[in-house]
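Novice: Single-letter residue listing:
There are 2 protein chains.
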Amino acid sequence: MAKSKHITIYDVAEQAEVSIQTVSRVINNRHDVSPETRQRIQTTIEELGYKPFVNARGLAAKRTFTLGLVAADFSDFWFSRVVTGAEKEAQKLGYCFMLGSSACEPEDEPKFLRLLTERHVEGVLFVRANRDNKCDHLLRLKEFGVPVVTTGHHLPEIGLAMVDVDNVSGGYKATNYLIGLGHTRIAMITGPSEWKSVSDRTEGYLQALQNAGIPIDQELILTGSWLHQSGYEKTKLLLNKKNSFTAIFAHNDRIARGAIHAIYEAGLKVPEDISVIGYDDIPEAEYSDPPLTTIRQPSAEIGQAATNLLIQMVEDSTVIPKQIMFDTTLVIRSSCRANKS
Amino acid sequence: MAKSKHITIYDVAEQAEVSIQTVSRVINNRHDVSPETRQRIQTTIEELGYKPFVNARGLAAKRTFTLGLVAADFSDFWFSRVVTGAEKEAQKLGYCFMLGSSACEPEDEPKFLRLLTERHVEGVLFVRANRDNKCDHLLRLKEFGVPVVTTGHHLPEIGLAMVDVDNVSGGYKATNYLIGLGHTRIAMITGPSEWKSVSDRTEGYLQALQNAGIPIDQELILTGSWLHQSGYEKTKLLLNKKNSFTAIFAHNDRIARGAIHAIYEAGLKVPEDISVIGYDDIPEAEYSDPPLTTIRQPSAEIGQAATNLLIQMVEDSTVIPKQIMFDTTLVIRSSCRANKS
DNA sequence: GTGAAAGCGCTAACAT
DNA sequence: ATGTTAGCGCTTTCAC
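In order, the protein sequence lines correspond to chains A and B.
Take the first sequence: its position 134, counting from 1, is numbered 134 in the numbering used here, and each next residue is one higher.
Take the second sequence: its position 244, counting from 1, is numbered 244 in the numbering used here, and each next residue is one higher.
Just so you know, the hints here were simulated from the structure itself, not pulled from any lab data.
Some hints could be false.
One copy or two, either will do: identical chains are not told apart, so a pair holds if it fits within one copy or between any two.
What the hints assert, rightly or not - Calculated pairs, SDA-like style, for lysine to any residue (alpha carbon to alpha carbon, straight line, at most 20 Å): (1) LYS62 with THR8; (2) LYS88 with THR117; (3) LYS196 with LEU222; (4) LYS236 with PHE53; (5) LYS51 with ALA338; (6) LYS51 with ASN339; (7) LYS51 with ARG140.
Just so we're clear, the structure is a prediction, and the values are computed from it rather than from any experiment.
Could you put together the complete structure from these sequences and hints?
Specialist: And the structure:
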């Protein structure tokens, strides 16, 4: 049982014939240790396989080297990619992520405040964790003096640090691609209207249409949820209204899949009759029928950048909360084609 | 800055006019405190909003109330559902999950051993985190005396606790459904052969065939990866070999999607020409074309059960590592139909 | 450049 | 039933 005999700073000090403080200095990369002593201690640390006990360190230095992670939805593809990137970066810099509550309703606030009061995390990363109109808890955290970085949506007005995708440009890209293909009757099925990403993608859509001199038809804009079902139902609505349209811009790939499903069910074809473009580039997109043309968002990169920023803020309180924007990429596959009508 | 003035056990003791020891007893639900004193302390704790500092507690009691989470792939749908269930259960029982490395190759071992040596997690939950033949690190953990629960695969031979799906029965269910539909030439595209779940699903397939008196044709069994592409390529192979078959059992929904894609590309239809059944019931399954018939695995339930078991093992070392099996459900949609040939 | 002492917030072992 | 005394493993003073 290696557990019972855990190697402490005392073991290292004894073996290297120095005091524990000197060992402590080496661990913390202090410069006031002579090169020889440092080397000798370094070696014994290696030999003994000594690892400082973060808990004890935290108690003494009032630090935990722990970050909190709160997310709206763990089962979201985008989220999991962000987390993978975030974890990697945290590890690199000597931090760990503690999982907070996955839900993020106001009534869950006590749950993730537990991260602060009990676990004393030094910063919190929110991954797509709230809607625009519900950010009280984020402000609360700020009051606590805890650095917060948000991801996947932004609230510039409250000066929160955030790392996000340029959704206006993404929406523009999607719509403009369709316009370039000759479409003028372009429907849009959005995500829930409370999301910043939704209003941004919508703005991009509107801008592209305006730039091309295409009149905006409110009848072609439908608000849905993020789920397949929403795409399916809204498209059926669109189809029934016999409001002519030749293309759909879906706010995510799931909606796009739902839409294609409805189109097939109506006896029409994609892209022959109607072009569909999605958003996200989930793994399913490439192998669905037809392979989905979509807007890819960088995700691991966002997680990494967000974590890096968070740790910067943790380690240096003078770092001002930045807003970092990543760009999207248009991924052309086979769900869109030139408009013949 | 609420942060600077943190409430400690001393504040509570002073306010309640007792020693910190008595407060400690109340926090830890000890029974040797008089009801009145307990009540008085309880009240002051509420009033002051006191939260014990887990770090300090850990130092003194050699406990961290922290669990480690290691996963093969964060971006896997199944994984994220398991985690959601796991997190909820941990929270309920006063524990937190620390994210370990997401990869799980032997060379990553130091990375997640860090959870033990530095973070002193009290138990580790592995979510679909390894192949059968690479479990040295799990054994290493066991040697450390750290409770380990694995999920999504099992290694009964080494007596590890695990919570899993009955994949033999799942494979049987899928195959038997196809047989019931009149299919006798049933191809199977498996996941990577090192996975326990793969050999189990294969066994279920074989059993069903045998029970029905259908001869087994090795040519119809292809080994692939978990990705869409694998389903796509293997199906093309199957199609080219003009080895007649009327149905495919795919080891996950992604493979199934890839297979359907290949079938469409060959000018054939699903389910008219070939029936396809998947495994997992990912959200995409319901809204793909055709909606995918598949085997659903409980996921959140598995995460919850695994965490519960892990905590039991942490709190009581006499708890024997159990093996808990969950059952699968056949979800019938439209990608399979009766064989007419 | 290095060491000794004090203490972080809490619990375990003894006291009473 | 409650209080006292030691630490847990580390970092921070402040000495030398």
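Novice: Run every hint past the structure and note whether it holds.
Specialist: Evaluated hints:
no., hint, in the structure
1, LYS62 with THR8, "both (19 Å within a copy, 13 Å between copies)"
2, LYS88 with THR117, "between (26 Å within a copy, 18 Å between copies)"
3, LYS196 with LEU222, "within (16 Å within a copy, 46 Å between copies)"
4, LYS236 with PHE53, "neither (59 Å within a copy, 55 Å between copies)"
5, LYS51 with ALA338, "neither (62 Å within a copy, 62 Å between copies)"
6, LYS51 with ASN339, "neither (64 Å within a copy, 63 Å between copies)"
7, LYS51 with ARG140, "between (35 Å within a copy, 17 Å between copies)"
In terms of the numbered hints stated before, the structure departs from hints 4, 5 and 6, listed from lowest to highest.
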